[in-house]
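Asker: In case you want the letters, here they are:
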Amino acid sequence: MTVLEARGLTKRYGRDSALVRAVDEIDLAVPAGQKLAVMGPSGCGKSTLLHLLGGLQEPSDGEVWLAGRRIDTLSERALARLRRDTIGFVFQSFHLMDELTAVENVELAALLAGRSPRTARRRALHLLDQVGLADRAGHLPAQLSGGQRQRVAVARALTNEPLIVLADEPTGNLDSAATLEVLRLFEELDTTLIVVTHDTRISAIADRMITMRDGAFADDTRLAGAVRAVRAVQS
Amino acid sequence: MQDVVLAMLAKEPAHGYELRSRMRAALGPLGEAMNAGQIYVTLARLAKAGLVTSEHSDGRPDRPDRRVYALTPAGQERVVAWLAEVSWPRPDLTEFHLKLVAAATARLADPVALVDAQRREVLRRMRDAQRAALDRSIDPVAGLLLEGVVLRLRADLDWLQECERMWTGRKAGA
Chain A
602 MTVLEARGLT KRYGRDSALV RAVDEIDLAV PAGQKLAVMG PSGCGKSTLL
652 HLLGGLQEPS DGEVWLAGRR IDTLSERALA RLRRDTIGFV FQSFHLMDEL
702 TAVENVELAA LLAGRSPRTA RRRALHLLDQ VGLADRAGHL PAQLSGGQRQ
752 RVAVARALTN EPLIVLADEP TGNLDSAATL EVLRLFEELD TTLIVVTHDT
802 RISAIADRMI TMRDGAFADD TRLAGAVRAV RAVQS
Chain B
292 MQDVVLAMLA KEPAHGYELR SRMRAALGPL GEAMNAGQIY VTLARLAKAG
342 LVTSEHSDGR PDRPDRRVYA LTPAGQERVV AWLAEVSWPR PDLTEFHLKL
392 VAAATARLAD PVALVDAQRR EVLRRMRDAQ RAALDRSIDP VAGLLLEGVV
442 LRLRADLDWL QECERMWTGR KAGA
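From first to last, the protein sequence lines stand for chains A and B. The first sequence begins at 602 in my numbering and counts up by one. The second sequence begins at 292 in my numbering and counts up by one.
Among the clues, some could well be false.
[To be verified] Reference listing, derived: stretches of chain A covered by chain B, where coverage requires no fewer than 3 residues with Cβ under 8 Å from a Cβ of chain B:
#: 1; segment: 776-787
#: 2; segment: 798-809
[Unchecked claim] So the derived label-pair ranges between C-beta atoms look like this:
#: 3; chain 1: A; residue 1: G773; chain 2: B; residue 2: E386; range: 26 to 36 Å
#: 4; chain 1: B; residue 1: F387; chain 2: A; residue 2: R682; range: 46 to 56 Å
#: 5; chain 1: A; residue 1: E626; chain 2: B; residue 2: A397; range: 32 to 42 Å
#: 6; chain 1: B; residue 1: A393; chain 2: A; residue 2: A735; range: 53 to 63 Å
#: 7; chain 1: A; residue 1: D736; chain 2: B; residue 2: E386; range: 48 to 58 Å
#: 8; chain 1: A; residue 1: D791; chain 2: B; residue 2: D430; range: 26 to 36 Å
#: 9; chain 1: B; residue 1: D430; chain 2: A; residue 2: S618; range: 51 to 61 Å
#: 10; chain 1: B; residue 1: A397; chain 2: A; residue 2: P632; range: 55 to 65 Å
#: 11; chain 1: B; residue 1: R357; chain 2: A; residue 2: A735; range: 45 to 55 Å
#: 12; chain 1: B; residue 1: A397; chain 2: A; residue 2: E762; range: 30 to 40 Å
#: 13; chain 1: B; residue 1: T396; chain 2: A; residue 2: D699; range: 52 to 62 Å
#: 14; chain 1: A; residue 1: A681; chain 2: B; residue 2: L442; range: 38 to 48 Å
#: 15; chain 1: A; residue 1: D736; chain 2: B; residue 2: G439; range: 46 to 56 Å
Calculated directly from the structure, the hints in this document are not laboratory data. Glycine residues also receive a C-beta, built at the ideal position from the N, C-alpha and C atoms.
Work out the full structure: start from the sequences and follow the hints.
Answerer: In structure tokens:
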């Protein structure tokens, strides 16, 4: 089943000689459960693509369908609700509320979606446990390492059981050890996941890799899930 | 390999199988490819060169190998020299670079397509190494080696991206 689909998706900036096609007539279908990594140099259009897919930006042309529903034509208000209830976002700079503790950051998304405080808290604690931060629930973001903050952000993204998680350079601000933590977390996710990144290490958890160039797909590779990793490293 | 084996004997004399299992542990998943006989071949060469001596020990009956190896003074000197050495393997990018130049000059192939194919291959290797590193059961010290493999391949991928930029531009300009 296709969860997310784009047809002829296009985003143009400027006009005439200054016209930039950041995303140029992209067709994409993402089946449920797929872990897709979109890679490419900065300026190739991958972040714009993610914003279009997540309803954060309006396309110049083309369509976006989420779970069989066209979303690029929705009103800003309907779109906001859709983003909140069905899409989980993870950003490079975490976007956590500094004055809220880890558990408060995670439960906020559930509260905004109309869950009772009790349900929201229970869900948040469960998710923090899942990302290995049960003992950090009462910490403020400033008291957490970069890797821990990103894990809180992943827990928050999962709060409302989204149809899909969209991540923009999730390891961009992390050192090697923290990157490993986030990769392990993504590896264990059951949710459909799209990561745009220039960090090629993300490929470790992807079962499909797309390379973007000048707003279009230059390469689209599906990968076998179970790799004989160790043997291949030695060859 | 010879220097490594000598250095492992510096602390105390040891059996061949001990050296082998210590080396495998330090290499983690990458140590699985190690040939069982390699260590004994190396030890034999070192003995011939006068860098180690060996004698029979009464050892354990379940081990066929009952030789204990020890460093000679010459072996010790070589360990000291090895530790001070700073040679470093040089990844050779020249050949691929010249392949692109030749392909473009003689119009043998599209250099951008060559870069794409190469990137897929390097990416596959990097992915495999990173996947191996995701395994939580890996000893952190052994994991460090995998991290080195990953970081090197990342640098190669960065360079391939620059290759792509250059040759895409050339193509557009032609």
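Asker: With reference to the structure, classify each hint as holding or not holding.
Answerer: Evaluation of the provided hints:
| no. | hint | verdict |
| --- | --- | --- |
| 1 | 776-787 | holds (count 4) |
| 2 | 798-809 | holds (count 6) |
| 3 | A:G773 to B:E386: 26 to 36 Å | holds (33 Å) |
| 4 | B:F387 to A:R682: 46 to 56 Å | holds (51 Å) |
| 5 | A:E626 to B:A397: 32 to 42 Å | holds (34 Å) |
| 6 | B:A393 to A:A735: 53 to 63 Å | holds (59 Å) |
| 7 | A:D736 to B:E386: 48 to 58 Å | holds (52 Å) |
| 8 | A:D791 to B:D430: 26 to 36 Å | holds (29 Å) |
| 9 | B:D430 to A:S618: 51 to 61 Å | holds (58 Å) |
| 10 | B:A397 to A:P632: 55 to 65 Å | violated (43 Å) |
| 11 | B:R357 to A:A735: 45 to 55 Å | holds (52 Å) |
| 12 | B:A397 to A:E762: 30 to 40 Å | violated (57 Å) |
| 13 | B:T396 to A:D699: 52 to 62 Å | holds (57 Å) |
| 14 | A:A681 to B:L442: 38 to 48 Å | holds (41 Å) |
| 15 | A:D736 to B:G439: 46 to 56 Å | violated (32 Å) |
Checked against the numbered hints given earlier, the structure breaks hints 10, 12, 15 and satisfies all the rest.
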